[in-house]
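Protein chains in written order, with my numbering: chain C, 1 to 335; chain E, 1 to 246; chain H, 1 to 301.
Please keep in mind that the hints were generated in silico from the structure rather than gathered at the bench. Please note that the accuracy of each hint is not assured.
Which stretches of chain H does chain E cover? Using the computed rule of at least three CB atoms under 8 Å from a CB of chain E, they are [said to hold, decoys possible]:
hint: 1; segment: 51-62
hint: 2; segment: 113-120
hint: 3; segment: 260-266
Residues of chain E placed beyond 12 Å of chain H at every Cβ, according to the derived structure [claimed, not checked]:
hint: 4; residue: Arg3
hint: 5; residue: Leu11
hint: 6; residue: Leu63
This one's a predicted model, so the numbers in the text were calculated from it and none came from an experiment. Using N, Cα and C, we set each Cβ at its ideal position, and we do this for glycine too.
One-letter residues, chain by chain:
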Amino acid sequence: MRLRRFTTAILVLGLLAACTPAASPTPSASLRPVKLLLGFQPDVQFAPFYLAQQAGYYADAGLDVTIEYKSDADLARLVGDGQAQFGVMDATDVMISRTAGIPIKYVATLYDQFPVALILPAGGPSGGPTPAFLAKLAGKRIGTPGKYGSSWHALLAVLAVGGLTAADVTIREYPQFNQTDGLLNGDVDLITGFRNNEPLRLAARGMQVDLITVEQVAPLPGPGMIVGDALLSSDPAIVKAFAAATVRAQATISANPQQGLDAAIVAVPTIASDRTTALAVLTATIELWRGSADAPTGAIDQNIWAQGYATMRKLGFVDGSVPLDEMTRQVLTGG
Amino acid sequence: MKRLAAALVSLAAFLVAWKVLTVLTGTPDYILPAPEVVGARAVRAIGSGILWEHTAVTLSEILLGFALGAASAIGVGVALGKSVVVERVLSPYIVAAQSVPILALAPLLDIWFGGGLLARVLICALIVFFPIAIATMVGIRSADPLLAEMLRSLGASPSQLTARLEIPSALPVIFGGLRVGVTLAVIGAVVAEWAGASTGLGVLINIANQGLFDTPLMFVALATLAVIGISLHSLVVVAERRLVLR
Amino acid sequence: MTIEATVQTGGVTMPAGLPVRLSAVRVSFPTAGEPLEALRGLTLDIPAGSLTVVIGPNGCGKSTLLRVIAGLVAPTSGSVALDDEGVPRAGDGRVGLAFQQPRLVPWLTVLDNVALPLTFKLVSRLPLVAVRPGSKTTDVARTFPHRTPADVARTLAREALDRVGLAEAAGVRPAQLSGGMAQRAGLARALITDPPVLLLDEPFSALDALTREGFDGELQRLWMDQPRTVVLVTHSVGEAVRMADRIVVMTARPGSVARVIPVDLPRPRPAASQATAAIDAEVRAALAEVHPAELSSWTDR
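Please work from the sequences and hints to get the whole structure.
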């Protein structure tokens with residue numbers, strides 16, 4: 001009887017021990033739970049966040065990060081209202097939502113280069129994106145996910161350089177984000193897409209393409225990290241810590257893309273179904289993070305923001321009622 | 001007049017309750033806008049013409065979709081009501097079509113039918129179809145068999161029985177189905193627009209929500225849809241009062 | 001006083017109403033299990049212009065018999081004919097049918113209800129000439145020039161309502177009628193085509209006794225006014241004795257003719273007299289014979 005009780009106690013204790021999560025080497029003060037909202041759906045491009053979670057960069061910063069996926073519209077509102085602490089958002093959408101009254105700020109750059117480009121089949125008329133060239137886009141059929149978001153803003157900004165508006169072209173919407181299909185089967189003449197994504201997928205399906213990027217004609221700031229005003233004023237330290245940990249993960253992946261891919265596969269197993277393309281996308285994405293620097297720094301380029309803001313005002317997306325300096329806050333000093 | 005006064009009073013009460021809710025919970029305008037914020041935004045949207053531009057499109061989808069859906073549903077409903085064999089053969093497909101979420105089917109239908117107004121009218125008609133067909137079937141079957149025998153003794157043919165007894169007997173139930181159907185037509189038009197339209201109140205909801213982060217404008221679109229639904233429903237009720245014996 | 005069962009029409013004497021001949025009629029309805037035999041071996045000759053009352057135990061097939069004569073139910077075997085004009089067909093205007101419940105269409109006015117039979121047999125724009133044997137208007141060709149068929153129907157309906165004393169109720173809806181008024185409207189509808197054969201299936205059983213007796217009298221007056229063959233089904237022995245030229249007693253299911261009792265009494269008949277009492281007793285005796293045995297001790301003799 002006593003032996004049985006003893007054995008049972010041992011077994012129960014053993015089970016409990018097995019159930020406790022692997023303890024960190026330094027069990028210190030408990031981590032602060034925070035929620036991070038990423039856009040739309042899991043993707044290999046979110047590798048820095050997955051890596052920062054798994055490799056403990058966030059834990060080192062005192063944060064226990066939970067990731068959820070939301071559409072941009074919900075994301076801004078939730079972060080602004082404090083229901084989530086951090087988010088990733090397009091800079092142009094930050095301008096619009098901030099003007100619409102949502103209390104968020106862009107605190108660190110993720111993509112030094114604006115990811116959206118106009119993509120057209122290679123071998124078409126050459127001559128670079130001069131205004132004259134762009135003016136020839138009149139009457140063309142253009143595929144884009146929808147009349148919202150950075151793709152739409154970029155498209156209108158580029159058309160404006162050629163003196164055109166949306167009325168001068170035929171827009172075809174692809175709410176399922178499959179505008180590459182339209183380009184492949186000839187339903188449209190060019191599409192908007194992400195430089196690190198669509199061209200690779202098109203190449204995989206046999207089409208070589210040319211790109212028209214915005215920094216050539218109408219500079220716009222790229223996506224970055226956002227926080228709510230309330231959190232930023234009440235606890236700037238954790239905002240800085242979060243941004244720093246994320247940039248640290250970006251740097252690690254820049255030096256070793258495979259590490260990023262592995263972290264992404266752990267978080268999103270379906271990525272493993274096409275490792276080659278995923279790695280290619282991630283490698284291209286790293287280029288966009290870095291821009292012209294050696295490694296991603298998270299710094300906010302006020303110059304590009306000013307130009308982008310002016311463009312957005314000209315296009316009528318913002319009315320200027322909220323000044324630019326209320327939209328961004330550099331939390332990572334010294335780059 | 002009394003009815004109108006009662007409606008206005010209840011509307012006022014609703015607006016007050018809404019305002020109190022936003023004040024008590026302290027929700028910001030970008031999550032739940034207060035009624036006066038929505039009202040001001042509505043005035044701007046009407047003035048700029050953007051509201052009418054989208055409303056006109058959705059209204060035409062609703063009216064055409066409802067007309068098509070109701071007409072076909074009444075026809076099919078009569079067939080279902082008159083013949084047990086027809087019901088046994090058709091009802092699995094009708095029920096299946098109703099059970100599959102239209103939101104999932106709509107993009108496919110949009111592609112199959114060329115992505116224009118026709119596709120959206122068809123999607124709307126599909127959503128409207130089921131309750132009206134079932135109501136018609138039930139109504140047809142509720143025809144008094146004693147009256148049917150009396151009419152047969154006068155030499156009525158089956159089609160005369162349908163036209164002069166079964167359909168008039170079924171009208172109260174059919175109108176019940178039409179009331180439900182007309183409100184579903186509003187939903188149907190919005191769902192159809194989400195599958196791939198470029199104008200319409202459903203599109204305006206998306207533009208306001210995703211493109212402009214303009215929650216008050218989204219509420220303006222929602223309120224407009226509600227007004228359309230209420231108005232059409234009232235028209236059906238008026239028609240019912242005229243056509244159905246009380 | 002017996003009815004002169006003929007009418008002068010242009011010099012040719014024609015019977016008022018049509019005779020009805022049923023010969024070895026069998027009616028069997030298919031059911032989920034065994035077929036239900038309603039009538040078997042029913043043979044009956046109903047003379048033209050007579051007022052025949054059919055009486056019998058519950059379920060004996062009285063209503064089925066009427067439906068066979070009306071052409072609503074075809075005999076499974078045997079034959080039924082209206083004189084030499086052959087098999088009755090529902091809606092050909094030769095048979096008028098009044099039911100136990102008035103069966104008025106609720107969304108039509110009383111006038112439109114009474115006119116209903118005429119809207120199935122379209123009245124043409126040509127001058128209306130009623131040439132059915134037994135019709136009292138055969139010697140006069142009625143014309144309705146320049147009027148739509150609907151107008152003609154309504155005019156005839158108004159006259160029918162007049163005959164049953166319901167003229168003021170023409171614009172009213174059936175829901176607003178009392179039971180008796182509704183029954184009268186049903187009767188007017190049955191008479192509007194001036195049918196040579198009128199069938200009534202317990203038409204007054206839902207009314208109270210006094211109203212019922214009054215209606216029986218009215219029906220007889222209508223019949224004496226415009227003679228036609230009348231077959232009336234009833235539960236009431238008193239009604240049978242009051243009304244009938246001949247009383248047909250049916251057997252229990254499957255129904256056939258048990259006895260035919262002639263009633264040679266003059267009209268109008270007193271409520272109670274020696275003669276009526278004798279007929280009454282005779283009918284009850286006949287009924288007792290066909291009634292299921294276990295209930296006979298409960299019937300009064």
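Tested hints:
Remark: the segment 51-62 of chain H is not confirmed as covered by chain E, as 0 of its residues place a Cβ nearer than 8 Å to a Cβ of that chain, below the required three. A stretch counts as covered by a chain when three or more of its residues have a beta carbon under 8 Å from one of that chain; for the segment 113-120 of chain H and chain E the count is 3, and the coverage holds. Check result for the segment 260-266 of chain H against chain E: violated, 0 residues qualifying (beta carbon to beta carbon below 8 Å, three or more required). For Arg3/E, the requirement that its beta carbon stay farther than 12 Å from each beta carbon of chain H is met, with the minimum near 25 Å.
Distance check on Leu11/E: its Cβ is at least 35 Å (rounded) from any Cβ of chain H, clearing the 12 Å threshold; non-interface status holds. For Leu63/E, the condition that its CB be more than 12 Å from all CB atoms of chain H holds, with the nearest at approximately 28 Å.
The structure shown violates the earlier hints numbered 1 and 3.
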